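Novice: Build out the structure end to end from the sequences listed, making use of the hints.
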Amino acid sequence: MPNFIWENLFRNSNSEQTLRQKLKSNFLFQDLSLSQLTLLERIVNVRSYRPGENIFRQGDIGVGMYLISEGIVNIYVEEIVPETGEPKMAHVTQLKEGDFFGDLALVQENGRRSATAIAHKDVVLIGFFKSDLMEIAGRNPTAGVKILLRLGEVLGERLRETTAKITELKKKGS
Amino acid sequence: MLEPTRSQRAIIIERRVKLLAFLCSLASLFSFILFVPNLLVSFLSALVTYFLLAPSVDYMERHGLSRLFATIIPFLFLTLAMVITIYLFVPDLAQQAGSLQENSQKYLETASALLSRVEEQIGVMLNSVFKVDLHNQFSPQIYSWASSFFKQLPAWISKSATVLILSPFLAFFMLLNGREFVRLLIGMVPNNFFELALSLNYQISHQIGGFIRARLIESFIVGLFLWLGLLIMGFPFALVLALFASLLNIIPYLGPIIGALPAFLIAMTNGGSPTELLTLFTIYGIVQVIDTVVLVPFLVAKIVNLHPVTVVLSIIIGSQLMGILGMIICIPVVSVLKVTSAALYRHFTDFRT
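Top to bottom, those sequences are chains A and B.
Under this note's numbering, the first residue of the first sequence is numbered 110, with each subsequent residue one higher.
Under this note's numbering, the first residue of the second sequence is numbered 1065, with each subsequent residue one higher.
In silico DSSO-like cross-links for lysine-lysine, where the CA-CA straight-line distance does not exceed 27 Å: (1) B:K1082 - A:K230; (2) B:K1082 - B:K1402; (3) A:K205 - A:K255; (4) A:K205 - A:K230; (5) A:K239 - B:K1082; (6) A:K239 - A:K255; (7) A:K133 - A:K205; (8) A:K239 - B:K1402; (9) A:K133 - A:K255.
Just so you know, the hints here were simulated from the structure itself, not pulled from any lab data.
Please read all numbers here as calculations on a predicted model, not as lab measurements.
Specialist: Given below as structure tokens:
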């Protein structure tokens, strides 16, 4: 069953696009003007991953988020099996082109990754990290504020979803 | 433990090759900077200019100017400031330096006589238990240092001219395209070290930038106070002595002492009265107290948190490897090593909750 925390609620349709278009179609960057997108395009990091390659692991110190440019990424959470006491990787969700993940690391100080992300096929990711956010906020504060407001919205929406789910579970339990 | 699959083995090999390529590129870059004549000093002074101007370039870019114009404007101001400084201070500085060179023989003789006197006093105190021969041991050394200093002065001036042309050129492109270049370099890092490299780059540039800005402000204030003090006292070569002391002030602990020595030597050679020596001592002392009590805690200590023993050891190693330049750059280099090793240690040992 896909995990609601990792579901991308802000997915847009994504076909053959340039880097700038891909950034523009992402929820976090959709308010940016052309010049702000040009600056962002120069700041982000494009990375390629092989099938089965770790993007990050649960417990690592997170430094930023990734936007999927091409390919599929699997998200796993390490769980302890109660019967054996052994750790086991549980598949949580599968993220596709246009999805983004790891965004909590942008606002956390030395926050740990809550899951492991592994490339399912050949994957191209656009990395946007805390240092990039600081750079964009320093060089173009308006763009920084626009990104942070959207980021706040994403995190707020996830919190609302979590609260609703917890309430639902509590109701089921009682 | 599970054996890695074929595809995992391929990923591991690819990562190792990429890491090797990245380390080789980094090593080639460092070797190029280290071994091409004049490039190290030019690069270091360009780095200082970069960190000094970067906040104003970012400020102008924030207010709507393109990066190119935001970079050109501070350079125009810097050139103007340099022209004004040269016009106002260089004739005075050249005259004072020339006069200092003319009188150098006199000052060296005083230093030699001072050594003989110290030797005599020590001889009386130790009463021939240990035979002390300071005069014969140190005098030739002092004469050789002084003569080589004045002999190397023309070569040093021509080297400075190369640095003076090369360093603004490098600084300009560091400000304009430096971040893209660093991003390109970090782009070569394999995926498993990429986030670490990015985070390290941010921490290191933040720390070095803060350190350089703090040290420059500190040196400027120290030099200004010394110049004013010596000027009010009516001491000769005030500008040269203040400049020398402010430059050496960058070296922790030893710098202020070496920086103060020429002034005392000049005062003693000119037959300075005890009152004059006391005034000189008070001026240097007050400036050092201001530096230690106000400037260092508020400007520098917050940025580089190194243990005093580490600082002293770094200075010794720096001086052995690269002389005065080594003594100046050892602290930022050690603080970078500290940040890097702490981050690497955390990465390899503490990656799981």
